[in-house]
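What follows is each chain in one-letter form.
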Amino acid sequence: MTQTEHEAIERVFRSEYGRVVATLIRQVGDFDLAEDAVQDAVIAALSKWQASGVPKNPGAWLTTAARRKAIDRLRRQTNYQEKLARLEHRVRTDQSAEHGEPVDTQVHDDQLRLIFTCCHPALAMEAQVALTLKTLGGLSTAEIARGFLTSESTMAQRIVRAKRKIKQAGIPYRVPPDAQLPDRVDAVLAVIYLIFNEGYSASTGDNLVRRELCSDAIRLGAAIGALMPDEAEALGLSALMQLNHARRDARTDRGSVVLLEHQDRDLWHRDEIETASLLLDRAIRLEHPGPYQIQAAIAALHSNAAAFTVTDWEQIRALYDRLHNLRPSPVVALNRAVAIAMADGSEKGLVALEEVATELAGYPWYHSSRAELLLRLERYDEATVAFRLAISLTNNRDSRSFLEERLALIS
Amino acid sequence: MKYALLIYSDPTVEASPEDMAKTMEDYYNFTNNINERGINLGGEALDAIETATTVRVRNDETLTTDGPFAETKEVLGGFYLIDVADLDAAVAVAAELPGSWHGSVEVRPVWDFENAQQAE
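Chains as they are written, first to last, in our numbering: chain Z, 1 to 411; chain R, 1001 to 1120.
These aren't lab readings, by the way, just hints derived from the structure by calculation. Even for Gly, the Cβ is constructed at its ideal location relative to N, Cα and C. Not one of these hints is a red herring.
Derived DEER-like restraints, expressed as beta-carbon distance ranges: (1) Ile43/Z <-> Glu1106/R: 41 to 49 Å; (2) Asp230/Z <-> Met1020/R: 46 to 54 Å; (3) His324/Z <-> Met1020/R: 40 to 48 Å.
So here's chain Z without its partners, still in its complex pose (with noise of 0.2 Å):
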């Protein structure tokens, strides 16, 4: 077999995985019985297809043949029968034409169930990322363990424990009622974006496994977008991912960070972000404005602007008045002074940056930022001292060069 057929397998593995977790869970009651079984099935597979091809309906194989992997692991274990017989119950009533394979509607409600479990606020917030990115995003523990900079032995601890509780605690299978689903959908979304930042922060070469996580978080984002797609805030996580990321290729260069306004806009993925913006504009339309919406449309403008110079910072100014009135933030207001330097004056951004100047003393983005209106301002030996003050409060390596080039400008 070819390296690219290989890859065409795995990929197949990973976009069908967490659908088909999704329904094996519901159908044998169990997160790991149903985890084993997949994954026996996707050895089964491995081999079966490298010699007769992917077949048509990958999932649907998959599903059968975790199925029958699930039975045989039942079968060794003591008191099965109770089991076995809930399984084939839940088997017959999946109403379908072929083999007993759930109906569509099915896989997606499993899918959907599987997403409100493993993101249940009963469940730590590092517990429900490591779960999601297992089950659903259909990554091994020692890959999510690379991404999170922790040990895979932590991180199967983690994974362990949550799924213990699920069990044991009796956390449930299902989507929420309406009444809960507003706070649960959003719970959703903040373990996603927070897959992505993961990754977006981790913006350097050596860095690349990490940054695989916002491709993740964007699979991830997508198919929910897919599952609901009514939830404008939804939809808008998608576009504010799919945005940022489209900026990955000017964000560095040979490891230091270039801000956006130095960075080489031809090497921005333009067909990324035209989809990304419609995909904005369908959010919009739904009319239920939210912070992920406004944080794209945001990302949106920049994105489309010809040059950093010709940017409508009146237009970013205003949505991030409206970012801070919804979700007022240390670093939202920080971000607004910037957009109101570029929009009304560095004077003007100055003034608004004292705002929040207790509150971010130990952020150095505030120092920086301030260091780089008072630069445009020429007042020098201010901006020296706000540079070596971000450099200080600074342990990243990267961000550190990259203020440590910015001060020896001036000096």
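For chain Z, the structure is supplied; the task is to place chain R on it using the hints.
Chain R in isolation, oriented as in the chain Z frame:
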């Protein structure tokens, strides 16, 4: 599934007689409500932490101490045992419990011996 709802509160907070009466009424209503729904398996309010005695047996010797006077501010003040479908239902009941409005309520599933043995 069976869950214990463990009610924790800060004993140093002094309530006025009116507040006390209101709290008693809230608990009375809550208990009636879960009785009517048939999910109440029982529960008790505990006397003040100053009345507690801790027992340890070490080397066949029974050691009794006054307390516990742990460093934590919130102490166990009472509990309910309920039987509901799942954790979401248990959390919903905990949110109706007056104890969660001021202090906190810990929701703990009751260990299921039968199922645990089956899983072995």
